[in-house]
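Participant: Chain A is already provided as a structure; the job is to place chain B with the ligand on it using the hints.
Chains as they are written, first to last, in UniProt numbering: chain A, 1 to 283; chain B, 1 to 83.
Possibly wrong hints are sitting among the right ones.
As the list claims (entries may be wrong) - Quick list of the computed label-pair ranges, beta carbon to beta carbon:
no.	chain 1	residue 1	chain 2	residue 2	range
1	B	F29	A	F219	32 to 38 Å
2	B	D24	A	N90	46 to 52 Å
3	A	E79	B	D4	51 to 57 Å
4	A	F248	B	F29	39 to 45 Å
5	A	N90	B	D4	44 to 50 Å
What the hints assert, rightly or not - With the C-beta cut set under 8 Å, the calculated list includes, among others, these residues of chain A facing chain B:
no.	residue
6	R49
7	M50
8	R52
9	M53
10	L54
11	F150
12	Q280
Hints are computed from structural coordinates only; laboratory data are not their basis. Source: prediction; values computed, not measured. Each residue gets a CB set at the ideal place from its N, CA and C atoms; glycine is no exception.
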Amino acid sequence: MTNVGVVGAGVMGTGVAQDLAQKGHTVVLVDNNPDALDAALGRIELECRMSRMLGGPEVDAAAVLASITVGTSLELLAETEVVIENITENWDLKSALYAQLDLVCKADTVFVANTSAIPITKIAALTSRPDKVMGVHFMNPVPMKPACEFIPGYHTSEQTKETVRALLESMGKKPIPVNDASGFVSNRVLMLTVNEAAFLVHEGVADAKTVDEVFRSCFGHPMGPLETADLIGVDTILYSVEVLYEQFNDSKYRPCPLLKKMTDAGLHGRKSGQGFYSYQSMG
Amino acid sequence: MSNDACTQIRTFITTKFPDVTFSDEEDIFALGFVNSLFAMELVMFIEKAFGTRIPNEELHLGNFRSVSLMADLVARQTSAAVG
Ligand SMILES: NC(=O)c1ccc[n+]([C@@H]2O[C@H](COP(=O)([O-])OP(=O)(O)OC[C@H]3O[C@@H](n4cnc5c(N)ncnc54)[C@H](O)[C@@H]3O)[C@@H](O)[C@H]2O)c1
Chain A
1 MTNVGVVGAG VMGTGVAQDL AQKGHTVVLV DNNPDALDAA LGRIELECRM
51 SRMLGGPEVD AAAVLASITV GTSLELLAET EVVIENITEN WDLKSALYAQ
101 LDLVCKADTV FVANTSAIPI TKIAALTSRP DKVMGVHFMN PVPMKPACEF
151 IPGYHTSEQT KETVRALLES MGKKPIPVND ASGFVSNRVL MLTVNEAAFL
201 VHEGVADAKT VDEVFRSCFG HPMGPLETAD LIGVDTILYS VEVLYEQFND
251 SKYRPCPLLK KMTDAGLHGR KSGQGFYSYQ SMG
Chain B
1 MSNDACTQIR TFITTKFPDV TFSDEEDIFA LGFVNSLFAM ELVMFIEKAF
51 GTRIPNEELH LGNFRSVSLM ADLVARQTSA AVG
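So here's chain A without its partners, still in its complex pose (with noise of 0.2 Å):
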């Protein structure tokens, strides 16, 4: 059992914090909003519920939220072994927080990156710790998804890597291992996609659920890439697009208008209870 801190209590904040309670880890969940950690907590438990109706184990959900503490301040982390960072995907958040999270935790507590598109090398180096820095990038929802990208950083120890290898294998996830660089596999590939169906419903091209019909019915995805978007997060795409943008300097990664309009609105998907699509909210 691992003493885990997760910081950022949104869409995959969430998800991990249950996966590692389910699996019998202790859980200390923060985020600078309150709340979001009420939201996080009622998601939680209606997932336990429904764990079994979905296909899943049965799930006591009185016993795992006892096993996860929620709070606002960072210093709630202080005796956690390996602290998994969610926040929102944008540099400054990011930056000002290892800042802190280094300051706040024991000198050999690692730190896991969960980001979408941040090198982990460069996040490592907002640190006294790069050794003690490692990415992984979940797969969302976390607790139905066998398998992840597991990524070094620079520096990256053995330590390190066999330390958090360990701790996804109790979560029963799969580390895929690939090298550090922006968007890593999946997100390189994925977010390109999103945005350009993005861009296929701002030019007119056809509206949303026909883009994702066609890759529904034509090419038997499970899901087509704007319910993906929906999923994710609108404003997460976008942001994720923005660090491609601003890492490659390549113009193939310009964000598609029309998500940093939604973004700006408030339809972001799944999380607000609008995006390409309308939702039941948890609210």
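Facilitator: Then chain B with the ligand, alone, in the frame of chain A:
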């Protein structure tokens, strides 16, 4: 009550999937447009719209297969609350 529940549940589903036609008895999972994420939305919708909390033993796909099965589930919950 049950008819009313059927209508509300049907409206919820057809707002989401306007092009799909199905009867109240038809297995909506077999029609292929319902996935696990939508099943979760159905649970959230029913709990919110009918002010009920579905007990764990009732949370299985069998109760959500068709509009009428969901309406029966709602009727059981609301009558349990009254009785
Ligand atoms: N959504 C996905 O499918 C997905 C998949 C893999 C990785 N990621 C990455 O995971 C990270 C989180 O994404 P998400 O989808 O969960 O985002 P989200 O918008 O759902 O949640 C982000 C959370 O971080 C919190 N936060 C922001 N700044 C903070 C700070 N300084 N301290 C504490 N909490 C803070 C916010 O309040 C919010 O609750 C991002 O880097 C994203 O790129 C996302």
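Participant: Work down the list of hints and note, for each, if the structure agrees.
Facilitator: Each hint tested on the structure:
Look at F29 (chain B) against F219 (chain A): about 22 Å separates their beta carbons, and that is not inside 32 to 38 Å. Taken as a hint, the range 46 to 52 Å holds for the pair D24 (chain B) and N90 (chain A), whose Cβ atoms sit roughly 47 Å apart. Checked against the given bound of 51 to 57 Å, the beta carbons of E79 (chain A) and D4 (chain B), roughly 53 Å apart, stay inside it. Remark: the range hint 39 to 45 Å for F248 (chain A) to F29 (chain B) is upheld by a beta-carbon distance near 43 Å.
A C-beta distance of roughly 46 Å is found between N90 (chain A) and D4 (chain B), which places it inside the suggested range of 44 to 50 Å. A hinted interface residue such as R49 (chain A) counts as satisfied when its beta carbon comes closer than 8 Å to some beta carbon of chain B; here the least separation is about 6 Å, so the hint holds. Proximity of M50 (chain A) to chain B holds as hinted, the smallest CB-CB distance being about 6 Å (cut-off 8 Å). A least Cβ separation of about 7 Å between R52 (chain A) and chain B falls short of the 8 Å threshold, and the interface hint therefore holds.
Evaluation of the M53 (chain A) hint against chain B yields a held restraint, the C-beta minimum of about 5 Å falling below 8 Å. Contact between L54 (chain A) and chain B, as hinted, is supported at the beta carbon level, the nearest pair being about 5 Å apart and thus within 8 Å. Nearest Cβ of chain B to the Cβ of F150 (chain A): about 26 Å, over the 8 Å cut. The hint is violated. A least Cβ separation of about 4 Å between Q280 (chain A) and chain B falls short of the 8 Å threshold, and the interface hint therefore holds.
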